[in-house]
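*Asks:* First to last, the protein sequences are chains B and L. Using our numbering, the first residue of the first sequence is number 1, and each one after it goes up by one. Using our numbering, the first residue of the second sequence is number 166, and each one after it goes up by one.
In case anyone wonders, no lab produced these hints; they're calculated from the structure. Here the structure is a predicted model, which means the values were calculated and not measured. Keep in mind that the hints are not guaranteed to be accurate.
From chain B, some residues computed to sit far from chain L (all C-beta separations above 10 Å) [stated by the list, open to error]:
1. G22
2. S29
3. E75
4. T92
5. L103
6. C110
7. A139
8. G142
9. R146
10. Y151
11. D155
Think about it this way: if two alpha-carbon atoms lie no more than 27 Å apart in a straight line, the pair counts; the simulated BS3-like pairs of lysine-lysine are [stated by the list, open to error]:
12. B/K51 - L/K445
13. L/K186 - L/K220
14. B/K79 - L/K348
15. L/K255 - L/K447
16. L/K470 - L/K447
17. L/K167 - B/K79
18. L/K255 - L/K167
19. L/K186 - L/K305
20. L/K167 - B/K51
21. B/K79 - B/K51
22. L/K220 - B/K18
23. L/K372 - L/K255
24. L/K220 - L/K205
25. B/K51 - B/K18
26. B/K163 - B/K137
27. L/K305 - L/K470
28. L/K167 - L/K372
29. B/K18 - L/K447
30. L/K205 - L/K305
31. L/K255 - L/K326
32. L/K186 - L/K255
33. L/K348 - L/K326
34. B/K51 - L/K220
35. L/K305 - B/K51
36. L/K205 - L/K167
37. L/K220 - L/K167
38. B/K18 - L/K255
39. L/K470 - L/K326
40. L/K220 - L/K348
Quick reminder that beta carbons are idealized off the backbone N, C-alpha and C, glycines included.
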Amino acid sequence: MKENGLLLMVNGQSYEFKIGTGPGEVSPSHTLARTLREDLGLTGTKVGCNKGECGACTVLLEGTPVLSCLTLTVECNGKRVTTIEGLEDPETGELDPVQQSFLESGAFQCGFCTPGMIMTVKALLGDMPAPTELEIKEALSGHYCRCISHYHVLDAVGRAIGKRG
Amino acid sequence: MKPFRHINVPGVAEAVDYLNKFPGSSRLIAGGTDLLGVLKDDILPAYPELLINIKAIPGLDYLREDENGLSIGALVKLAFLARSPLVREKYKVLADAARSVGTPQLRNMATVGGNLGQETRCWYYRYPHGIGGRIQCQRKGSGPCLAVGGDNRYHVIMGGKGCFAACPSDLATALAALEGSIKTEGAGGGRIISIGEFFHPLGNALKAGEMIVELQVPPLPAGSRQHWLKYTLREPVDFAVVSVAVLTVLEAGICREARIALGAVAPGPLRALQAEQFLKGKEPIPEVLQEAAVLAVQGAKPLSKNGYKVEIARVLVLRALEASFAGHK
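Only chain L is shown next, with the shape it has when bound in the complex (with noise of 0.2 Å):
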């Protein structure tokens, strides 16, 4: 890795303080496990001079639950919230999400905050520098996407503009179904982000100079179930090719609420809104849990080698759907 400095910060305000006095050449470094690959492949035009280390932050890993639902602190190891008694019993899909992601040792290092922000697994993007020189693109500021004319199997089915590159946060899926949202601490203050509005097609909303310090979870619907899949070509490490997360409410036999979220095929993480009203007073039989995994993947625009990644999604969402209405019982 090429050099840079290195700072310890105590608190939230001191690393807000930093990333603003070093607009552009600064970087939060928590796990690190993204930040280390991002800079070990050089792949960005821009190398930070500083990274500001928040991983020594005191009481940034906490797991709390009231009335108003469950905060994580962006701190949290994802080994802590796939192991966590609470998440597990109560937030199914948010600790399947989180013990899928990578490697145990990988888990035992990134944190939650840092698997909402990492950067795209796109090949194009993370062309290592070292070898011929980084790809520009669209992403990086300068020239077009290199997916739509080339290798795109993994890239988006839907939702790409000026950039194609699907989001790789497993719990930004698991988030949606939740209806989550990320807290956020700026040099103008705070805000809430909700998931649904954290990705864009070229990055996310993070503004220069702002961290992610909370994930929130309102209260959930009385009675609900939830199911997590997550489609790879090798059950650890890997990125999603596909990944769904479902939650569902089912009253007297007919469905009450259905959320279908689908991770991997666009930029952020996607609600099926049009499946999931078509679920709601409904009973979920065979053929009415097929009809909403195929309105879950309509209007799919897939590029010219993932066409396969619409049909894995309308599985995925089917099996998940099936298993949690199977739930409720």
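Just chain B, same shape as in the assembly (with noise of 0.2 Å):
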């Protein structure tokens, strides 16, 4: 990669950035959250907080779930990140099977925090078949919810589990 460049694999596609400070660049400053949303349209992910606090905007880097609002776009340079608008079947557009979960479990309210909730619980199931009550609840302590979601959460992601047989 050039010295001045920047190249991203968001949900499978390659992206390429000028550093720089110019219109269209990504300047050293801006972190993830921000070049998803404002340079790449993925306004699925969500800023709460900006602070590291609320986990809305939640993203898998490298397929581990990280905060983009803490994340400087410039150190995510070769390394692939995966957004909520990642999850569908890029050909078919069905749902992942989490995603779907959530809907027919009515997991959200205002569902501003979901798309971050989501991508931990992809992590998860990604990283164990088959997680206790309490794995499930660790996991998403970093998801704030004001509308109390939670309870529905919890029964999404067992329905998720379910699906999987």
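Need the complex rebuilt from these two chains, each delivered in its own frame; the hints are there to steer you.
*Replies:* See below:
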């Protein structure tokens, strides 16, 4: 990669950026959340507190849940990023089982925290075939929901585990 | 965030080089979970021109155990430390402390070096510049400590001087009970700082241009048990109101070794030496443990609004001792 260039692999697609302060360029002080939302238009990733407390901005970086509001885009060069937009089947448009479970359980009200929660659940179920309720709660402990959807979320996670058989 | 330049360094020597080439105007970034909060709120009078990214330095995220004890590379993530079977088995307080930090996502990002080097949570110190201007204080180099006459409910109850902000690092508390130390590298070479000497009321022992490269834990006393407790208002995310790490050795029903480290009550982790001394040679019956817990907080000088922390500290010490001695079965 060029000295002042940046390569991001977001949801299976490669994007090249120039590092700089001009229009369309990624400044070293830009967070991943900002780049995803404002440069790539992937507004499914939400920014809540913008200081790493609420979990709304959670995305998967190389498969691991991280806070995109506390991640510098320039430090993701060559890395694989998965956002909520990357979960559905790109060809059929079919939702990921985790997304479908959230829908079926009605696991949200306003939905602002939902993309982050779904990303965490996606990673959790990738790591653990059958997490216990305690493990699910711990994995989701970094997500705040002001609408108190938590019980429905637990239901949704159970449903997602069930879907896998 | 205001702009800054950003550079990736391939090794510790290069990182130290850059730190010394840009004294006062550069900062290291690893996990970034603390630093980016500091920069977003623009809390410090000097905003860095350069961030030196040490995250990609190869070989600084090791966990090694040999006859000298445990060595932890500065770039080890908290999540990794919390999950490590070796650490969970033998250095339990360290794993439990790491697991108690922040949220799972933060632990996936944050490093052990950063946990020790993070800025204090004092709300005067961290007051955002964007809301009416940052607050100057003794820790920032000018003016008095505002916590003394202000809202000091989370500030220190022991050891404050000039600044009354509490040490936010949970790993520091656990390391204090394990008598660990911190290895650094700097322009003049490296040194080893014991955890008890790392934190000062106004900051830490790192000199300009010096960085943390390793945490060291000496071999544990044979047959020792450990216990970690942390009191927070909410379980996830929160920093400790008080944390306690204890290590005990029991032989034939008699306490041979007791280490009690208190966190978030002082500028650094604090060993309750008087209580430790009291316990040695005694049978850990309830009355003895209660007396030890009282001794552990003796000499506390709470500020106007944090007297409650003395009681929390006493109870945590008691519970941690009970649990640790109960582990000798």
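*Asks:* All hints are to be evaluated individually against the structure, with a verdict given for each.
*Replies:* Here's how the hints hold up against the structure:
no., hint, verdict
1, G22, "holds, 12 Å"
2, S29, "violated, 4 Å"
3, E75, "violated, 6 Å"
4, T92, "holds, 30 Å"
5, L103, "holds, 24 Å"
6, C110, "holds, 21 Å"
7, A139, "violated, 6 Å"
8, G142, "violated, 3 Å"
9, R146, "holds, 14 Å"
10, Y151, "holds, 17 Å"
11, D155, "holds, 20 Å"
12, B/K51 - L/K445, "violated, 45 Å"
13, L/K186 - L/K220, "holds, 19 Å"
14, B/K79 - L/K348, "violated, 31 Å"
15, L/K255 - L/K447, "holds, 25 Å"
16, L/K470 - L/K447, "violated, 36 Å"
17, L/K167 - B/K79, "holds, 25 Å"
18, L/K255 - L/K167, "violated, 44 Å"
19, L/K186 - L/K305, "holds, 22 Å"
20, L/K167 - B/K51, "holds, 15 Å"
21, B/K79 - B/K51, "holds, 22 Å"
22, L/K220 - B/K18, "holds, 21 Å"
23, L/K372 - L/K255, "violated, 32 Å"
24, L/K220 - L/K205, "holds, 20 Å"
25, B/K51 - B/K18, "holds, 26 Å"
26, B/K163 - B/K137, "holds, 19 Å"
27, L/K305 - L/K470, "holds, 23 Å"
28, L/K167 - L/K372, "holds, 26 Å"
29, B/K18 - L/K447, "violated, 68 Å"
30, L/K205 - L/K305, "holds, 17 Å"
31, L/K255 - L/K326, "violated, 36 Å"
32, L/K186 - L/K255, "violated, 41 Å"
33, L/K348 - L/K326, "holds, 26 Å"
34, B/K51 - L/K220, "holds, 20 Å"
35, L/K305 - B/K51, "holds, 22 Å"
36, L/K205 - L/K167, "holds, 8 Å"
37, L/K220 - L/K167, "holds, 21 Å"
38, B/K18 - L/K255, "violated, 48 Å"
39, L/K470 - L/K326, "holds, 17 Å"
40, L/K220 - L/K348, "holds, 17 Å"
Hint compliance for this structure: hints 2, 3, 7, 8, 12, 14, 16, 18, 23, 29, 31, 32, 38 are not met, and every other hint is.
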